[in-house]
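Chemist: Listed below are the residues making up each chain.
2 protein chains.
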Amino acid sequence: MIRWLSIFCLLITTADLQAQHPLTFFTKTEAATVKNDLAKYPLLKRSYAGIKKQVDEWLDKDVDVPFPKDPAGGYTHDRHKSNYMLMFNSGILYNLTGDARYALLVKKMLLKYAQLNPGLKKHPEATSSSPGRLFWQALNDANWLVYTGMAYDLVYNGIAAADRKAIEEGAFKPEVDFITKDLSGWFNLIHNHGVWACAGVGIVGIATGNKEYVDMALYGSAKDGKSGFIAQLDGLFAPDGYYTEGPYYVRYAILPYYLFANALQHARPELKIFEHRGRILQKALLAGLQQTNIDGTFFPLNDALKEKDFTTNELVTAIDIAWAEYGEDMGLLTVAKKQDQVLLNKGGASIAAALTSGKEVPPFYPYKSVEFVDGVKGDEGGVSLLRAGKESDLTTLIYKYTAHGLSHGHFDKLNINLFDKGNEVLTDYGSVRFIGVEQKYGGRYLPENDKYASQTIAHNTLVVDETSHFGGKEKEAEKYHADKLFSDIGRSAVQVVSASTDKAYKGTHLQRTVYLLQLPGGKKLVADIFNIYADTAHQYDLPFQYKGQVIHTSFKYQAHLNKMTALGSKNGYQYLWKEAEAKVADSLAQFTFLNGRTYYSISTLVQDSATLLFTRTGANDPNFNLRREPAFIIRKKGKDQSFINVVEIHGKMDPVIEISSQSYPSVQQIKLLQQSSDFTVVQIKLDGKELLIAQCNKDFAPKTKHITGNEGRKLEWAGPYAVWYEGKQL
Amino acid sequence: MIRWLSIFCLLITTADLQAQHPLTFFTKTEAATVKNDLAKYPLLKRSYAGIKKQVDEWLDKDVDVPFPKDPAGGYTHDRHKSNYMLMFNSGILYNLTGDARYALLVKKMLLKYAQLNPGLKKHPEATSSSPGRLFWQALNDANWLVYTGMAYDLVYNGIAAADRKAIEEGAFKPEVDFITKDLSGWFNLIHNHGVWACAGVGIVGIATGNKEYVDMALYGSAKDGKSGFIAQLDGLFAPDGYYTEGPYYVRYAILPYYLFANALQHARPELKIFEHRGRILQKALLAGLQQTNIDGTFFPLNDALKEKDFTTNELVTAIDIAWAEYGEDMGLLTVAKKQDQVLLNKGGASIAAALTSGKEVPPFYPYKSVEFVDGVKGDEGGVSLLRAGKESDLTTLIYKYTAHGLSHGHFDKLNINLFDKGNEVLTDYGSVRFIGVEQKYGGRYLPENDKYASQTIAHNTLVVDETSHFGGKEKEAEKYHADKLFSDIGRSAVQVVSASTDKAYKGTHLQRTVYLLQLPGGKKLVADIFNIYADTAHQYDLPFQYKGQVIHTSFKYQAHLNKMTALGSKNGYQYLWKEAEAKVADSLAQFTFLNGRTYYSISTLVQDSATLLFTRTGANDPNFNLRREPAFIIRKKGKDQSFINVVEIHGKMDPVIEISSQSYPSVQQIKLLQQSSDFTVVQIKLDGKELLIAQCNKDFAPKTKHITGNEGRKLEWAGPYAVWYEGKQL
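So the protein sequences, as listed, match chains A and B.
If you're matching positions, the first sequence starts at 1 in my numbering and goes up one per residue.
If you're matching positions, the second sequence starts at 1001 in my numbering and goes up one per residue.
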């Protein structure tokens, strides 16, 4: 009897929940708690006041719902974008204040959309394969559905039945139909666009009580589970939470992931969506945060705008929901404090409370050395973040050996980037795009994005014969990933990752092993051993995109003084001005630059001969779309080749007290003592001391013993690598 | 009887003071107060702890006093530089702790200098006309005297008489003799070097009780008052405190000015040095602070490194002394808070106390529109800072019509610079120098400083026939200054300054009038009317050095795609790459760029024809000494010519929410309605509204009535200018 009663109660509750509004953003109970907390926690109060100020300006005004006309950056685009945030915020205020004017504002706008939407066709500025109706691309229409769906749900109780019908059929149905039917292929994509599309349709489904919409959102338009939100949770992340498009796009996708999961948690709690796949949403968020610089900007892997940091709305939303779902986390609190705003929901209120408590919040996110795998099964390469130092003195070496990363991927297998003290030192151009700027092709990706920024030469990895990896063909690149050979990131003295690919170029095996070393005394340096094994002779270019000013070179170069030409004619080379070049032979070539207040020196071993190039972006750029950025390129020729480089972090230039310390590199000599298919042994002399690196090129078993060298000098070690400093193994 | 007694007491006191040590940095009584305050005020405590940590590291060590060998940035240079600060700080600690080890440290170092100095000859790296001995230039030797003199005085009581003699005769006398005799011409200069030299000799004089030294320091080596510190107080500042070398160098000179004045206040209070010339030292400090950007960096007029801001040691010193001498000042407190360190003296303790009080300190220095005159009598032109907006939204238009500014002056008569929201928008290159970097010519000014940065084309003012003002000859430039014709900076709607020169080029009269306007609704813009009257035909270039990315132009241009050449061959033109050019005729040419999150548009009237050039620095730069910076150059030909430009500040690009607003300029048309020797009348149409500017070109009397126009449109106004917006006079 009691058992039956329980089941009966459960049914009632579920039915209640189904009927209840709001459900998407928060519930009635949650809203009441937030309301109650408003006065208590300053950050919550400020966040509330900020929204209220924005919305109150519109309370007595007639908000324009214009016929779509302009691309991003233009009036109609920005108006519709502002409109959905205005409706959403007004909906929140309706629940927190009970003031009917907020519901009225939303209702009036929704009724205008109900008039507008049924008559819409493809947007006049649409250029992509997924055109929008309200906006130039369907992605923005999906954004609109996410926020407008929540807004409708939030004011549902304040709208008369007849109006509800008009809105559901006029404002929402045409958009949902368009996206799920006309654009069903796009809707079913396992891609950040698909996540937005499913979240939009699903949230509207919950808001309007339309089970069909929610089911399509969860399981794809065919409802077979091959696509839809669940498939996106399963298909876009590696098991450890790495998002295959890279950190810039997880920042973007995390928002619909969390908002839709949050709505599902209220509407379909039985899904236990936040527990799905071993809490994949929590892993995704934490992996995204690890992939940021100490200033909070996301590492610019693949297409990425460098301005985006973890204070964006997307991360505020994800963190505030995660805090409530997964519990307190000091790292999240550090980020939340920098965000200096919270959502007006349970998590936001709880974070605001934690920040009010007066407890010390650490100044930096708890960054650590970490490796992420790529691919659904985690078997498609990955990315390693090697870190040394802490807080404002953190050094991060990024080594990327992932899969391609879908349509926003770059041709940059075995690429490295270096961040130090919050500065980008060895850089990635990011993407060529002025987001939201109408004059720059409506804020879309510019032609130079494909033609330059995604090409191999725009990165810090090897280019063979002036062509990009996989011939610069996305379809080909999608088939392969690089492979990690071995790594060891556990000890601060030596961190190492080795990876290879033999698919980037036909008949060519590329193998790069990077070491982040912290020598006794604290000196940090990167040792970079790039071995190439090829069937035939080629030209090899290894670029270092650096940020900083040229201070010194150990070699003489010829600068192009009165006249400058482009370095090449295709595959990105046409965008580089050749500022200077040098021919060097049998030497140690060193180049020192200054970035911020720190010196960086690249010491490169030239065994036979090499050409060294100083280039700068900006050639063949008729619309000034590119920033002017320098690179230092090491060019060698041959069949099998090795690039042995040491990147040293040294000294300090203090322009205030006008003192420079350790402005010269310590490296005095680099010798390649052995280079065979079995081993590479490199001897580096710095400050009169010997740094010796031995690594295996074939046998990466963790414990195998190796012996090499000759009678004069025998080297013995176990495992895939060994590093000695002044004769002592580190 | 009482009167006699007073005089007797006064004599005693003076004698006491003379004999007493320390006297230069602080007195015994002052030291006791500071000691007493240490525990009370966190900032004072932190400043003390910082110094103590530095000095304590050396207490048990033997400090090297090497034989001078290296240029700036090299070991011996930096060691001697560190040494004098170490001795000075150790001297302070001796007085605050009573710990004899601090005196011992200084004594041991001074005895080494007493051994070293008598044998020194000209420094092996000396290249200037004022070579040093301990350092490559005498200026650094003067720095050494200032701090070492104070150090000696601070530990005087802890040194035995025999050692004192050795130090005074071995360490100080050779340096003082060298500077006052061998380099007497340099010592007697009315120039920042001279200020340092006199302060050094004078402080050593006070420390060693050597009246001769103090007298030479005060009145020049001939003691006739034609040079020396008093003459420097009288000769380097305008009556309002403007320092003729510009803000970067007042930052540098303010330190010896204040330190020597501080020492004199103790040793020769009868001089009332801080009251001298109507408190010229206070005026100098406040004028220097007004010439900073909201981030604290000094405006880069003349030779200037842009990294220098008001948190440097020089300004900490000046502010802490000024606070004690001239009383509390909320503006100084704002700066002191940003400095986050204080001197361990009376003023420093008092500032630390004020910052402990919990009283709110304004976030920004109290910037205002202000005009400074140049020249000892204030009759050699000047500089106007027009400001609009406040706090982080401050706009500053700098208009420079000064004298040349001695050896660090640039050939930039009638130059403008624009700062907005803390960003440099229309820029000045500053100087070409990597201070303290040995690899860059020992940290000296680089050849490109004279050849590019000081040339007219590196600025935002008119270049005639590709030659610099005054033929680029300093001697010629020193003879002249520009003249202000009229100005009005009192009203926020319209601020205006007009100035002219007919000496920059022979037979050519240049007259530029700049308006900083804030229209009803808040829009800020600069109207820039540059009239040229010449005897013969010339080529005129008006460059706008801008910082930002090209967003849009209203005109078609030809970009140089595969090959780029230098713009010219001399007078700075050889350093500019010609990236793109356009020929335009009879039109309004508009160029929009994005800087930070704000759009800026330059709208220029082309009445007949003009060439528009996009350039970038970096040509003919074989050592990569120049930063790569862009300029937009308007080139016209003719005899009399007018350049009518409107620089608009507009819109916002928010990459985080991805919305751009008002990204297009408002200006739709510019018409030169009248251009005569009497009047210039310009009509600007923006957003469909009319902005009308009428100005007098000859009669600048403040109240004269003017009538111009024709029957269709008659204009009447009083005074040198009038501005109407939508028919209403602003």
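The set of hints was computed from the structure by calculation and includes no laboratory data.
What you are looking at is a predicted structure, and each value in this text was computed from that prediction instead of being measured.
By construction, the Cβ of each residue, glycine as well, lies at the ideal position given by its N, Cα and C atoms.
Don't take every hint at face value.
Straight-line C-alpha distance at most 25 Å; calculated DMTMM-like pairs for lysine to aspartate or glutamate [as the list claims (entries may be wrong)]:
| no. | chain 1 | residue 1 | chain 2 | residue 2 |
| --- | --- | --- | --- | --- |
| 1 | A | K556 | B | E1270 |
| 2 | A | K338 | A | E380 |
| 3 | A | K578 | B | D1070 |
Okay, the calculated bits of chain A under chain B, using three or more residues with CB under 8 Å as the criterion [claimed, not checked]:
| no. | segment |
| --- | --- |
| 4 | 72-85 |
| 5 | 333-342 |
| 6 | 425-439 |
| 7 | 444-450 |
| 8 | 490-501 |
| 9 | 548-559 |
Chemist: Which hints, by number, does the structure contradict?
Modeler: The structure conflicts with hints 1, 2, 3, 5, 7, 8, although it agrees with all the remaining ones.
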